[in-house]
Each structure stands twice: as C-alpha cells, then as structure tokens.
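Chains A and B supply the protein sequences, listed in that same order.
With this note's numbering applied, the first sequence has no gaps in its numbers, which climb one by one up to 1044 at the end.
With this note's numbering applied, the second sequence has no gaps in its numbers, which climb one by one up to 96 at the end.
Check each hint, because a few of them may be wrong.
What the hints assert, rightly or not - Ranges of calculated distance between the beta carbons of each label pair, as one might list FRET restraints:
| no. | chain 1 | residue 1 | chain 2 | residue 2 | range |
| --- | --- | --- | --- | --- | --- |
| 1 | A | L985 | B | E80 | 17 to 25 Å |
| 2 | B | I84 | A | I1043 | 13 to 21 Å |
| 3 | B | T74 | A | N929 | 37 to 45 Å |
| 4 | B | K62 | A | K1041 | 32 to 40 Å |
| 5 | B | E80 | A | D941 | 31 to 39 Å |
| 6 | A | L985 | B | K62 | 37 to 45 Å |
| 7 | A | T939 | B | E80 | 17 to 25 Å |
Said to hold, decoys possible - Listed next, the stretches of chain B that the computed footprint assigns to chain A, with coverage defined by at least 3 CB atoms under 8 Å from CB atoms of chain A:
| no. | region |
| --- | --- |
| 8 | 68 to 74 |
| 9 | 77 to 86 |
These are calculated hints, taken from the structure and not from any lab test.
Each residue gets a CB set at the ideal place from its N, CA and C atoms; glycine is no exception.
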Amino acid sequence: MHRAKTQFEDSNFQVVLVGLGTPDRTEAFKKQFSLTFPIICDPEKKLYQTFGLGRVSVASMASPTLLLKGLKALSRGHTPGMPRDDIMQMPGVFLIDTSGNIRYAHYSKDPSDNPSIATLLALKDIL
Amino acid sequence: MTLVEIYQKAVDAEVLFSDGTNYRLSELWNIRPLLLVFLRHFG
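If we strip away everything but chain A, and leave its shape as in the complex, we get (with noise of 0.2 Å):
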C-alpha cells in the first residue's frame, strides 16, 4: 500500500492507517518500514470494536486456506515478523465519504482476506 500511496493521493482519497501499538512502537514500525501514511494508535482496541472489527477464531487461523495461502506467501519470500499485540484481531477498510457516511466496508473474513490495491483505487468512482 505504501508502494501506491502516489496514486491514492492522486485519487483524492487521505488514507489513514489504524494499530494495535502505542505511539512509540507505532513509530518505531513506521520508521522500520518507512512509512508515510499517518497511523491512528488503538492498542484497546476501542475503534476496531466501533468499527465492528472482531477476532478470529482458533480453527479459521488454523484452516487448511488459510496455511495454503501462508505457504504461497513465504514461496514469494514474504516472511512474518515477530508478531505482536493481538494477532487474532481481524482487519478492514473503510471508506468515508466527506458527510461521514461509511460506502464501503471490508471485514476481512481471515488474516489474509485484505482488499487489493486496485480494488480500493477503483472505489474513487463510487464517490
């Protein structure tokens, strides 16, 4: 995402990134990763919880889909950090227009489940 954040500019969208981490460790990862976009710290979870973001299950962590997807992952050479905070919490993307109103929610149905970068590109047509 940081890769495209050229062409989120471009689409008039301001995306703002949410964490489990305090502000330090939020920075910390932000300068690790040299990350520009701004990052909304919620390490109590509060706004993943008003966003109706929930945890997944044991057995969705361990299904079959999901170590395949793990396995095609590391092929690619993407390998997992040492995890921190929750890994259980889910993500999701949310698009808020300018009168606050939510056109489209992702909740993710596994850790992998994420929307691609055309997808949410694309949604600058639907505003």
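Got chain A sorted already, so can you dock chain B onto it with the hints?
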C-alpha cells in the same frame, strides 16, 4: 474478499495519532474522503 456497499453514518471518535496529535475522525473526513485501513498487528 467481500466489499460491502453500505450507507451508514460513521461513528465520530477522538483518535490519537502516533505523532502524539489528537483529532476527531470527522475533522479528517470533512476535508477529503477517508480510507481507514485497520491493520492486524505489527508483525
């Protein structure tokens, strides 16, 4: 993956950014459409 088109009001909340600044979410979406991306963890 499921993208659901819904049309409901987002809850306006006060949030803390990693640089120590505080804003209400409405201060952000009032300027430009806001793409709010919730991460899993910093792993």
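Here's how the hints hold up against the structure:
1. A:L985 x B:E80: 17 to 25 Å: Violated - the Cβ-Cβ distance for L985 (chain A) and E80 (chain B), about 42 Å, lies outside 17 to 25 Å.
2. B:I84 x A:I1043: 13 to 21 Å: Roughly 19 Å apart at Cβ, these two residues keep to the hinted range, so it holds.
3. B:T74 x A:N929: 37 to 45 Å: Once the Cβ atoms are compared, 22 Å apart, the range 37 to 45 Å for N929 (chain A) and T74 (chain B) is violated.
4. B:K62 x A:K1041: 32 to 40 Å: Violated - the Cβ-Cβ distance for K62 (chain B) and K1041 (chain A), about 21 Å, lies outside 32 to 40 Å.
5. B:E80 x A:D941: 31 to 39 Å: violated, 24 Å
6. A:L985 x B:K62: 37 to 45 Å: holds, 39 Å
7. A:T939 x B:E80: 17 to 25 Å: holds, 22 Å
8. 68 to 74: Result for this restraint: holds, n = 6.
9. 77 to 86: holds (count 8)
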